[in-house]
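S.K.: All chains should be modelled from the sequences, with the hints used to inform the complete structure.
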Amino acid sequence: MKIKSNIAVSDNGFVFDPNTGDSYNLNNTAAEILQMLKSGKEETEIIKVFAKKYDVDETTFEQNFYDFLGMLNHYNLVEENRG
Amino acid sequence: MKKKKLTIAVTGLNNTDNPGPGVPVIRGLRESEYFDVRVIGLAYENLEPGIYMKDLVDKTYQIPYPSSGSEAFLDRIKYIHSKENLDVIIPNFDAELYSFIKAEKELADLGVRTFLPTLEQFDERAKSNLPKFGEKYGIKVPFSKTITSYADINNLRNNFDYPLLVKGKFYDAYLAYNPEQVINHFNKITAKWGVPVIIQEFIRGTEVNVVALGDGKGNTIAAVPMRKQYITDKGKAWGGITIGDENLVALTKKLIAETKWRGGMELEIIKNVNNEYYLIEINPRIPAWVYLAVGAGQNIPEALVRLAIGENVQPYKSYDIGKMFIRYSYDMIGDISQFEKLSMTGEL
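In order, the protein sequence lines correspond to chains U and V.
First residue of the first sequence? That's 61 in this note's numbering, and the numbers climb one at a time after it.
First residue of the second sequence? That's 2 in this note's numbering, and the numbers climb one at a time after it.
Result set (BS3-like, lysine-lysine): computed pairs, CA atoms no more than 25 Å apart in a straight line:
#, chain 1, residue 1, chain 2, residue 2
1, U, Lys62, U, Lys108
2, V, Lys272, U, Lys62
3, U, Lys98, V, Lys324
4, V, Lys324, U, Lys64
5, V, Lys79, V, Lys342
6, V, Lys133, V, Lys272
7, U, Lys64, V, Lys318
8, U, Lys64, V, Lys229
9, V, Lys141, V, Lys170
10, V, Lys272, U, Lys64
11, U, Lys112, U, Lys101
12, V, Lys133, V, Lys218
Keep in mind that the hints were calculated from the coordinates and are not lab data.
M.R.: In structure tokens form, the structure reads like this:
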């Protein structure tokens, strides 16, 4: 999943969509995921990193992770031609 | 650079909860790099707040409503010109534009410049002509019909689903969920603006607006899109943000190129869930939120004045995305003597 290149993500988790003027507040976990997506990391890679770095099993994380990706899609924050 | 001294008259000083564009236009002019302006306020009512903003308005004259006849209106402008030697007038009300467009040549002969749409452009984009306008320029517009009497209201069911919008020819728009509400709004609107009343299909989506300036030759000198973030119960933007929607800018440029629009304009557009853009209204003048465009790097009032005095103005190439405006109300303290002077002499 590729985040639209014009979406601005601040270090503190504030996200701004310049195309619509919408803004979103992310918690630390979501912000970290978004930064990774923005830097071009693959979804499987992100799951591995989180399972290793935090006290969470891959299945639980994966479930929440895909929920979150669904949300990004819903708010039109991802490229239509997914890489 | 030495700034050029200009005397500019501005209407629309009613900076109320339904604000006129006068005060933000003046703020743009005051910040001009090119001009050192003396600002003459033209006011219809004694309590238009801009009259009392002494940092912005140097002197105000009352003017008669256009409905009192074009002769009285022009005589008053001529009188003000004889006192102030006006270089440019920027009218900011839809309802007065017709009179100013009609008087354009006469004013120009006196040395007073304006920069307004032609009568043809003004009429073509009128709310009641919007369907034809959309068809001619290949732009989606909501289905609409004009009505002039109660009898037409019962037949609306044949063409519309409820809710629908009931609009006055110049101002006001209300959402109606049934024929009874249409009757109510019809009465309210006709009492204020007369007939026709426009019935418009209600498009669900996000409202986005563009403030733009056309040079009359098909070039877009300025265009800044904005999304309202906070809307008053009158539907006016009380907060907004500039957005980087390239489709909106492209649509604006296409419209200006094809109509050869001359002057300021505001496009009101609804973007629906399928990302389709519906043009719901063209206001043939600068809107009250124009200061956001100034803040985002396009001083539209300044560019309009430069065009009015015949300068060659290059189009703005960019604007800052993510600039916001937040309106506020503010109590000024005046004195009855100011009010007395204005109401007794028509000048302050």
